[in-house]
Structures are given as structure tokens and as C-alpha cells.
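*Asks:* Read left to right, the sequence shown gives residues 1 to 170 (the numbering used here).
Please keep in mind that the hints were generated in silico from the structure rather than gathered at the bench. This list has only true hints and no planted wrong ones.
Beta-carbon label-pair distances, calculated as ranges:
| # | residue 1 | residue 2 | range |
| --- | --- | --- | --- |
| 1 | Arg-15 | Asp-45 | 11 to 21 angstroms |
| 2 | Trp-118 | Cys-29 | 14 to 24 angstroms |
| 3 | Gly-104 | Ser-142 | 15 to 25 angstroms |
A quick note: this is a predicted structure, and the numbers were derived from the prediction, not measured. For glycine and all other residues, C-beta sits at the position ideal for the given N, C-alpha and C.
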Amino acid sequence: MSEVSPRRVEVYPGREVVVEFDPDLTFECVDDCTWCCHHGVLLYDRDLLELAQRANLAETTTDFRGEKFVTREAKDRDDHVAEDDHACAFLREDGLCSLHLEEGWKPTRCSVFPLAVWLENGDLHVDIRESAHDHCEGLNVSDRSVVDNLEAFLPELLWELENPDSDREL
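Build out the structure end to end from the sequences listed, making use of the hints.
*Replies:* Here's what the structure looks like:
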């Protein structure tokens, strides 16, 4: 893969990111790909408040290293699960997300996939998650430019967080 020169992109008025990936990259979720649902979903404070309106937090969240995550649970399927046969508690047996489909909402971290987000020298940076190149089937399969649709991946909440780093997993 060739090196890409980072460039600043305004996502919202006055809110920029430093884009570290190929600006020609496209992404669209594809049917039956639930790779992003295999990881524990980190919940930021605002996500917890939103989730509490939709689900029982005691049953659907867990603490790990002082942070709240959506619980991962065993699934009775060979597909739509990680190597340990677990996936997000909200992943339905048909491979679809109950929060997204039934509630019209998803946690910040779910919106961010397949991007990696981190703070560096006070700037919010975004790149494609390293593991996405091997597992995410939605890269470069559509005409939906990631750079032109960054607001769909990067909720404004990310600019308010002390630590938006997306490499924290359950």
C-alpha cells in the first residue's frame, strides 16, 4: 500500500480531522458481514445515557479497565461471531443489529467502524483500522466515498472526548 499524505478535512463547521487514508477509499456495509460486531463496543458517557433509554444497562453492559462496554455473549451460530463464538449482545441471530434496526440508533463506536480514531498533538486523526484491511468486506465495494461522508462515521461527540482512541476493545 502506498503512503498517503495526511490532509485536514472539515467534518462539521469548525471541527476538522486529519485524514490518514487514501481519499479515494469507499465503504458500504455489505450483507452478512458482522466483523465490527465481534468486538466489545466501548460506550462513551453520552452513549450510556442513550442506551439506558433503550435497554437494561445491568444486562447489556460490562466494566473493563474502568470503562463501560456492551456485553459480548455466546451466539448459537457459526457465522456472525468471533473466533470465541461471541459477538455484541445486540447482534441478532440474523446478523443484524437490533439497536440500529429497531431503535434507529447506534453507539458512537459503531458509527466509527471501519475507521480508527485517535488524538495526536491536539488533532483528531482518522485512518482505516489495520484489521479492517483483512476482515472488513465493505472497503472499496461501492461508490460511497469515506472522505465525502465523514459525518456519517464521526459523530460530533468525538471532538468533545478526552480520549476518543478507538483501539480500546473488550
